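K.L.:
Sequence:
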Amino acid sequence: MDEPINIFKALSDATRLKIIWLLTNMDEKICVSEIVEVLNEYQYNVSRHLKILKHAKLVEEVKEGKWVYYYLTPIKNEFRQLIQEAIKTIPESQMNNEIQKCKKLLAERHK
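Taking the UniProt record's numbering, the leading residue of the sequence shown gets 1, the next gets one more, and so forth.
Derived by calculation from the structure, the hints in this document are not laboratory data.
None of these values were measured; they are calculated from a predicted model.
This list has only true hints and no planted wrong ones.
Quick list of in silico lysine-lysine cross-link-like pairs, BS3-like style, CA-CA up to 30 angstroms: (1) K88 <-> K63; (2) K54 <-> K101; (3) K111 <-> K29; (4) K18 <-> K54; (5) K57 <-> K18; (6) K51 <-> K104; (7) K101 <-> K111; (8) K76 <-> K103; (9) K104 <-> K18; (10) K111 <-> K88; (11) K9 <-> K76; (12) K104 <-> K66; (13) K51 <-> K88; (14) K88 <-> K104; (15) K18 <-> K51; (16) K63 <-> K51; (17) K66 <-> K101; (18) K29 <-> K54; (19) K54 <-> K88; (20) K29 <-> K9; (21) K51 <-> K76; (22) K9 <-> K63; (23) K103 <-> K66; (24) K63 <-> K76; (25) K9 <-> K103; (26) K29 <-> K51; (27) K29 <-> K76; (28) K57 <-> K88.
Generate coordinates for the entire structure from the input sequences, incorporating the hints supplied.
P.N.:
Set out below in structure tokens:
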């Protein structure tokens, strides 16, 4: 029963839910500095939120050079699949500003 409790606790914060929403809907790994800019949050807060999401096993990280990128943990069971599907149903209209900022940053990264 610990896994569902940890997941629901992690997703009970608006900033963490936005981070998961971005990772789910942008379908790309994102670094801390990009999340900071997209969500207009302090780096310390974003790092703290990512630590909680990692503890809940919702995100993983990979280091590439000097950058650490975060991505969704691969789905391993039906419960996690249902959680991810529920997150996808959050209307994009509630994340318009964040989507535009994130797309711009990701486009710049790929140049």
